[in-house]
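A.B. asks: Chains as they are written, first to last, in the numbering used here: chain A, 2 to 616; chain B, 117 to 597; chain C, 4 to 171; chain D, 9 to 112; chain E, 65 to 573.
Source of the hints: derived by calculation from the structure; they are not laboratory data. As the structure is a prediction and not an experimental result, all values here were calculated from the model. Just so you know, not all the hints are guaranteed correct.
Distance condition first, Cα-Cα at most 30 Å in a straight line; then the derived DSS-like pairs of lysine-lysine [what the hints assert, rightly or not]:
1. E:518 with A:560
2. B:261 with D:100
3. D:100 with B:305
4. A:365 with A:444
5. C:131 with B:305
6. B:261 with B:145
7. A:372 with A:444
8. B:261 with B:205
9. B:261 with B:474
10. B:205 with B:305
11. B:145 with B:205
12. B:205 with B:474
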Amino acid sequence: MAEMVWLVPLIPLLSSVMLMLCSANLPRLLIGLLGVGSVGAAALLTLSIGMDFLADPEPFQLTLWTWMQVSNFSPGIAFYFDGLTLVMMSVITGVGFLIHLFSTEFMEEDASYARYFAYLNMFVAAMLILVMADNLLLLYLGWEGVGVCSYLLVGFWYQNSANGQAARKAFVVTRIGDTAMALGLLLLFTELGTLDIQSMMAVANQQWQVGDTVPLIACLLLLGGAVGKSAQLPLHTWLPDAMAGPTPVSALIHAATMVTAGVYLIARTHDLFLLAPISMMVVALVGLATSLMAAFTALMQSDIKRILAYSTISQIGYMFLALGVGAWAAGIFHLMTHAFFKALLFLGSGAIIHYLHHEHDIFKMGGLRTKMPVTFWSFMIGSAALAALPMTSGFFSKDQILLQAYMMPGAGPWLWLGGLLGALLTAIYSFRLVFVVFFGEAKTEPDGDTGWRMAVPLVMLCGLAMIGGYFIIPVADVFPAVSGEHPAHWVEYVSISVPLIGLLLAYLIFHSRQINMDTLVNSSVGQLLRRFWFGGWGIDWLYDRVFVRPYYLLSGLMKNEPIDAIYGLIVAVNQTFNHWLAEAQTGQMRWYILSMVFGLIVLLTLALQIPLEAL
Amino acid sequence: MNSSQMMALMPILMLSLTAVVLMIQASIKRDQGVAWWITGAGFLLALWGAGYAREFAQPVTILLGVDDWGLFFTTLILAASLVTLILSKDTFSPEGERKEEYYLLLVLSVLGAVILIQSSHMASLLLGMELMGVALYGMIAFPEKGELPLEAAIKYLVLSACASAMLLFGFALIYAATGDLSYGGMGAKAAVAYSQEPLVLMAGSAMILAGLGFKLSVVPFHMWTPDVYQGAPTPVTGFLATVSKGAVFVALTRFFIEGQLYQYSSLIVALSAVAVASMLVGNWLALRQENIKRLLAYSSIAHFGYLLIVLIALSIIDNAGGGQLIGEAITFYLAAYILTTLAAFTVVANLAGEDDSKSMLGAFDGLFWRNPLQASALMVALLSFAGIPLTAGFIGKFYLITVSIQSQLWLLLVALVLGSAIAIYYYLRIIFAMSKTSGATIKTGSRAAIGAQDILAILLLLMVLALGSWPQPFIAFAGGL
Amino acid sequence: MLEITLFYIAATIALAATVLAMTRANAIHALIYLIVSLLAVAVIFFLIGAPFAAALEIVIYAGAIMVLFVFVIMMLNLGEEGDARERGLLQPSIWAGPALLSFLLFAELLYMISTVEGPVSMQAVSAKEVGLALFGPYVLAVEIASMLLLAGLVGSYHLGRRYLEREE
Amino acid sequence: MEGLNIPLNHILLVSSLLFSIGMLGLMIRRNIIFILMSLEVMLNAAALAFVAAGAHWGQPDGQIIFMLILSIAAAEVAVGLGLVLQVQRRFKTLDMDSANRMRG
Amino acid sequence: MVMVNLILILLLGGVLAMLSERLGVNVPRRVALAVVLVDLGYLLSELAGMPALTQLQAPMPDDPSTWLMHFQAQWIPAFGISIELALDGISLLMVLLTLVLGAIAVSASWTDVIVKRGFFEANLLWTLAGVLGVFMALDLFLFFLFWEVMLIPMYFMIAIWGHENRGYAAMKFFIFTQASGLLMLVATLVLVAVNHSATGQWSFSYFDLLNTPMAEQTAHWLMLGFFIAFVVKLPAFPFHTWLPDAHTQAPTAGSVILAGILLKTGAYGLIRFAVPLFPEAALNFSFTAMALGAAGVVYGAVLAFAQTDFKRLVAYSSVSHMGFVLLGVYAWNELALQGAVMQMVAHGFSTAALFMIAGSLQERLHTRDMREMGGLWQQMPRMGAVAMFFVVASLGLPGLGNFVAEFLVLLGLFQVNPWMTAVAALGLITGAIYSLILMQRSFQGEISATLSSKLEGHGLADFAGREMVTMMVMMVALIGLGLYPQPVLDMAKPVLQSLLELTSAEMTP
């Protein structure tokens with residue numbers, strides 16, 4: 002079975018190509034079957050391969066062909082399969098399948114049905130290539146591939162310029178990170194002579210000592226890529242805007258899979274990061290800072306998808322924190338659980354949006370609890386998991402992260418404290434959402450609740466979000482073992498109780514209104530903070546002023562080719578000479594004679610110089 | 117003078133005979149058709165004579181030195197004269213003006229050119245040049261209508277006479293310094309004279325350069341060129357541009373080499389200044405010129421600037437080894453220039469005739485579609501002027517660059533490159549005008565039968581191309597001269 | 004010494020007459036001065052031992068060529084108003100530049116002549132010697148000169164004929 | 009005739025002066041007749057120099073060139089005056105400054 | 065003789081195409097297509113008899129017989145000039161590219177040229193012939209000849225069938241390339257003269273002129289002469305300004321040939337002549353050259369972003385892309401050189417396709433101004449999808465040819481100069497910016513008011529069969545290059561290795 006692993010990305014890819022080529026000629030049913038079926042097939046294949054693997058957990062490598070061979074550079078189109086790969090593939094194909102299924106209903110009335118599934122399938126293929134790649138170059142192929150698919154899907158409704166703007170922003174901002182990553186690849190190859198991840202890490206361990214500069218630079222460059230793709234500070238600004246795409250897309254790409262690619266990348270190349278402790282610290286700090294920043298921002302948003310987007314940023318921050326403190330497995334675990342509950346939440350919001358005529362503003366919703374029960378329960382479970390209420394999947398993963406952060410020598414407790422604050426905020430904003438949308442008086446009337454194609458994925462994801470915490474991911478062989486020590490019990494208790502406090506606060510503020518925040522909010526400081534947080538800490542504004550506008554200005558100034566001015570000058574000089582000389586051709590004979598005499602005098606003057614040899 | 121020497125003078129004799137026959141014919145019955153045929157026959161005879169004389173190549177008295185090189189240019193010039201003759205038949209004064217005098221003047225002018233080419237003595241140089249010039253005055257002013265030919269003629273006459281006076285005075289000074297009037301004798305004695313009275317020799321040489329430079333229209337003696345080119349009937353302009361300039365350059369070369377003037381660095385400096393100025397000024401002037409005849413005049417200024425490089429290079433390469441190269445360079449460039457210019461003027465003469473307004477750039481709009489044959493000929497000529505490969509002009513320029521590299525004349529090389537770069541613009545302007553599809557109304561309908569003019573244009577076009585794409589035979593030939 | 008004195012006198016006359024000729028407004032006056040100048044030059048020729056040249060200068064230059072000028076001036080019947088305009092043209096602003104150029108030219112020639120070694124004796128060349136050379140090595144020149152005159156003849160005939168035809 | 013003791017450089021001086029004056033005339037006069045006269049002066053100056061140089065070397069060549077100059081002058085003047093007639097007829101003036109139809 | 069025939073077929077085919085106009089206005093294009101295909105077929109059939117292209121032996125610079133093909137005939141023995149043509153892996157690659165893109169160019173102008181079609185096709189074929197000559201000539205005189213002569217038909221294509229400002233553009237194009245060509249001519253002649261004085265032989269043969277001993281200063285100046293000629297054609301910053309005008313004003317086929325093939329002659333010249341002839345001087349100069357390349361990458365990208373004219377934008381993107389080639393050549397190691405070669409091929413396809421799309425838009429909308437477009441995807445989904453494909457190709461999406469090229473260049477460059485690499489890598493970002501804005505302004509977003517008023521409810525014709533087939537060829541080519549570039553790399557490899565070997569002796573500092 003294992004050697005069939007290449008089929009997993011190929012099936013969606015082929016389906017995508019078919020959908021593109023025959024888009025006009027296929028009935029909708031067939032399109033749906035093809036789109037969903039291909040991912041389903043990939044999921045089944047992954048399942049059966051995974052079964053085999055779990056029976057015999059031996060990583061294996063499969064080279065299809067040598068991509069290119071130049072000098073000593075010979076990356077292959079090659080896959081590597083181990084526990085980590087399996088986890089990622091399962092998430093991608095599994096969650097991906099559910100979201101595809103959801104989409105068939107969500108996108109039912111869209112004119113570009115085939116195009117949608119073509120893109121989505123292509124995304125799945127690219128994402129699979131990303132996680133299966135044996136070498137960083139192929140990983141980069143997948144990496145850029147998902148970027149393009151993300152671009153296409155965010156800008157899916159291209160008639161609206163704003164969507165295009167958002168899509169371009171998503172692509173360009175991640176591209177900045179990608180470029181750093183590409184430079185990292187160049188550096189790694191130049192230093193290590195290979196891009197095959199496994200052998201690269203082996204060589205790196207031999208060649209470098211812990212704390213060397215080169216691995217630090219390499220790791221920081223890779224981190225650049227990861228930060229871009231995973232929407233971490235300072236390259237997170239694209240993700241909230243990327244919500245312009247269809248909601249299932251947000252669920253799949255901007256919650257469950259693509260945005261976690263950065264986490265995967267760091268986990269995959271963890272040996273390098275271990276060689277550069279400073280980079281690990283940077284990862285942790287970036288993660289923590291991002292998670293706090295995003296959590297504050299999420300608290301202020303009113304657009305349902307933006308809340309979820311910032312929450313995603315925040316949660317990925319947790320994953321980074323986990324990676325940074327060396328809790329590799331915990332990070333990946335959180336990645337998986339997050340995929341479940343965040344996909345759930347996004348799909349839930351998708352259902353709301355779909356049946357509420359594309360309404361995004363949570364304050365225009367309310368009381369949907371009874372009208373859309375499936376959605377409500379999805380949201381409840383999803384939010385519980387997101388807030389890491391005990392027994393939900395999120396609880397298990399987040400708890401691990403916090404505890405291991407605490408255990409980190411040195412800065413551990415501080416990181417833990419920060420994480421706790423984040424957890425508190427998470428609980429508050431997630432239940433704020435629930436209370437505002439589903440409780441209170443009804444403000445709008447939905448068209449109904451979800452059909453089966455929406456309900457099935459929601460229900461299944463509910464299940465996963467609930468029980469996902471009990472999964473044991475087979476990554477023990479992939480990562481170095483974590484010390485088995487446990488922190489003091491009070492630490493655990495605090496960790497468990499903080500989300501509950503958050504829930505309580507949310508209830509008091511947003512539902513029962515027993516705590517009135519209005520005075521605080523309306524004070525001048527409150528307003529300022531509110532606006533500051535609402536705008537994502539002004540980072541977008543800053544970028545706009547520092548990068549975007551100057552770039553527009555610069556290109557606008559140069560539009561008419563300043564270099565041409567130099568050539569224009571040459572032309573002007575020649576024209577001037579032409580003008581002067583042509584003026585001299587007066588047509589008057591006396592003037593001509595004058596010039597001849599003048600010439601004679603010049604010639605005589607030159608000729609009468611006594612030659613050197615005569616002296 | 118013995119009979120073998122007479123044989124060596126065969127082309128000159130034939131031309132003189134033609135002149136006499138023309139006069140006799142005029143006195144019997146005036147008929148310009150007959151006169152045309154007589155002239156043509158005379159040129160053909162002279163051509164034959166030029167071939168015949170090769171066996172007898174030798175100095176004839178002190179005045180003329182008949183040699184292979186001179187005979188080659190004699191042939192070339194006679195061919196150019198034939199072209200002029202053919203062009204003259206139809207393209208100007210179609211209203212039956214009596215042109216016998218014109219043909220007679222043409223023959224005399226050619227005679228002057230041939231003498232000039234073979235001159236080895238200041239007297240023959242003087243007489244040849246004047247004969248050519250005096251006949252040309254008449255030819256330029258020949259058309260009865262219009263004021264431009266008259267203006268051109270009077271300007272040419274006065275300025276040319278002024279230049280002749282300079283030339284004469286220069287000769288007188290050299291004669292005073294050396295006591296010899298033949299190039300060789302002068303060159304031999306110049307060394308002595310130079311050690312005693314260097315300034316007289318140099319001043320004389322400078323004035324001679326000025327006088328000859330006028331005929332070559334190099335800067336700053338160039339100002340007459342556009343006016344005369346424009347005002348003269350187009351075939352005469354072509355004649356002036358090819359025969360007159362070519363012959364004068366050959367004479368200058370002889371004088372320069374045999375008189376060993378290249379030894380004197382001050383003259384070389386003066387000549388270099390003239391060359392650089394010509395290359396740049398000529399091209400600058402042509403840059404935005406709207407009248408094709410004037411444009412060609414300006415371009416000829418630049419071309420003779422280029423050609424002067426070869427003479428300057430003599431000062432460095434000398435006769436050792438590189439002399440061969442220089443000889444080939446002069447021969448090739450001049451031949452290429454003459455052929456190319458003839459091709460250009462053939463087309464201009466056909467299209468513009470005597471009508472000045474028809475030689476404006478606008479009149480050439482869409483020529484490609486109206487008259488592809490003539491347009492192609494003009495295009496190839498212009499490309500050859502511009503020095504684009506596969507044309508004769510390119511090989512010529514190739515020679516010049518090689519020569520200037522071999523003699524390490526970097527300044528001149530820079531000027532050459534700059535000038536050529538500027539020149540591309542105005543040659544292309546004409547080509548662009550000819551290729552316009554809008555102005556043409558694309559009417560190919562009235563396609564007249566291919567006339568003599570067309571055959572001539574094709575012939576010249578093929579020769580320019582042949583010389584450019586298969587130059588080896590000609591190089592070998594030129595190397596043998 | 005007599006010759007030298009005569010030479011200086013002749014030279015002075017020639018120069019003065021030329022200057023006058025160049026500055027006259029009236030064509031006939033100018034022509035007369037020019038003839039005087041030519042005659043003075045003829046005297047110089049005679050003095051430096053070229054009597055044949057002196058004779059030719061008088062007969063052909065002063066005699067024939069200048070007469071051509073006279074003919075034309077008479078044919079054109081240049082009137083007084085032409086004179087007046089010519090006078091007006093001789094403003095300093097017109098001649099200052101050319102005069103400077105002429106002066107420069109002369110200065111350079113002077114500089115050049117100043118290097119020529121002092122008095123050198125002249126040798127007389129008789130008409131016979133000239134004749135022998137003329138029909139010896141220079142015989143072709145005579146032939147070519149005849150062609151040249153023919154060209155001049157034909158040219159002026161063509162141009163003059165048209166003028167005369169038009170006059171009729 | 010006996011040898012004469014007139015220095016060559018003096019004669020050259022005279023002829024240079026004549027040449028310069030002729031040149032000056034050429035440059036300042038507008039009337040075509042005067043222009044032709046100026047040309048004659050210049051040619052004459054050259055002729056003087058030739059004859060003097062011939063005498064200096066005791067050769068007949070100088071005088072022969074002088075004769076050639078005569079013929080040149082004659083031919084030029086003949087054609088030149090022919091043109092003068094045409095100029096008068098066409099332009100109704102002999103002022104050469106007015107003959108500037110071609111320029112640029 | 066095969067190589068001579070290749071050129072002759074095109075030359076005579078051009079004449080044929082011109083004459084065939086008398087048979088009907090639509091005959092010339094068929095003739096032209098047939099001629100190019102026959103030429104291509106002829107080449108392929110000849111290659112069939114050769115050793116497998118992926119296992120070429122290294123062409124030795126001192127032994128022409130090790131080359132794939134070699135032809136020599138006397139031409140101007142007085143100067144040691146001969147008609148010397150030779151083919152090695154790189155030349156062959158370029159020749160194949162030329163012929164394939166030639167066929168595509170014919171297809172691109174299938175309908176948009178209205179007047180004088182015969183002459184148009186003739187010019188097209190003659191340009192191709194000249195380009196083939198450039199890629200095959202190994203006599204420097206002959207090389208120069210082809211180099212100049214190919215400009216003339218190209219000039220006509222722009223000057224006669226170009227757009228509104230064609231005169232200016234054609235003139236600029238011609239003068240830039242001619243003037244720089246003059247420098248090359250002078251440099252060539254000096255080189256030959258130096259060789260002449262060293263050996264006493266006149267020779268223009270590449271084989272003889274390699275390893276000409278000369279002073280450092282001389283080599284430097286000569287190298288500059290060649291360098292300028294080539295980078296003007298390439299074009300590299302700051303000699304690129306002719307390109308936006310020429311590309312914009314040229315008819316579609318002209319743009320395709322210009323961008324697809326003609327620019328490559330500059331790159332080819334650098335690889336073949338400018339560096340190997342003067343290895344040491346090139347090494348000393350490499351920093352400047354690379355800096356120009358990097359500057360071009362960024363500058364081109366920034367200016368591309370600013371453009372509102374579709375073709376102009378694509379033209380500036382060429383400037384940016386060609387910057388990579390310059391970087392690759394002057395990094396002068398196998399990785400970078402392979403990258404440069406790949407870029408030449410891949411850029412040929414991607415840009416040609418974009419110009420074709422521009423041409424199709426112009427044909428349909430009669431404008432190239434993107435402010436008058438917008439939302440075209442809706443009207444022409446196939447064209448939109450195709451455009452999207454080539455846009456992402458041009459921004460360097462992995463899996464497509466351009467990525468392989470750019471990555472190899474960067475990889476090779478990184479080993480030489482990491483900082484320069486960082487600057488060049490900015491091109492990846494800026495490239496994304498302009499590529500996507502192209503898509504946004506033309507195919508996405510709302511339909512502009514001008515356009516909708518122009519359309520008045522009429523639809524626009526989407527890509528039809530002929531266009532789709534042409535596009536498919538290029539798409540398949542790019543995917544092939546992106547996923548399995550090995551055949552191309554293998555063809556170029558022996559050549560590059562022998563060049564590296566040739567120069568390594570002198571280049572070691």
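A.B. asks: Each of the hints needs a verdict: does it hold here or not?
C.D. replies: Hint-by-hint comparison with the structure:
no., hint, result
1, E:518 with A:560, "holds, 27 Å"
2, B:261 with D:100, "holds, 15 Å"
3, D:100 with B:305, "violated, 53 Å"
4, A:365 with A:444, "holds, 6 Å"
5, C:131 with B:305, "holds, 27 Å"
6, B:261 with B:145, "holds, 25 Å"
7, A:372 with A:444, "holds, 12 Å"
8, B:261 with B:205, "holds, 17 Å"
9, B:261 with B:474, "holds, 16 Å"
10, B:205 with B:305, "violated, 49 Å"
11, B:145 with B:205, "holds, 19 Å"
12, B:205 with B:474, "holds, 19 Å"
In the structure shown, a violation is registered for the earlier hints numbered 3 and 10, in ascending order.
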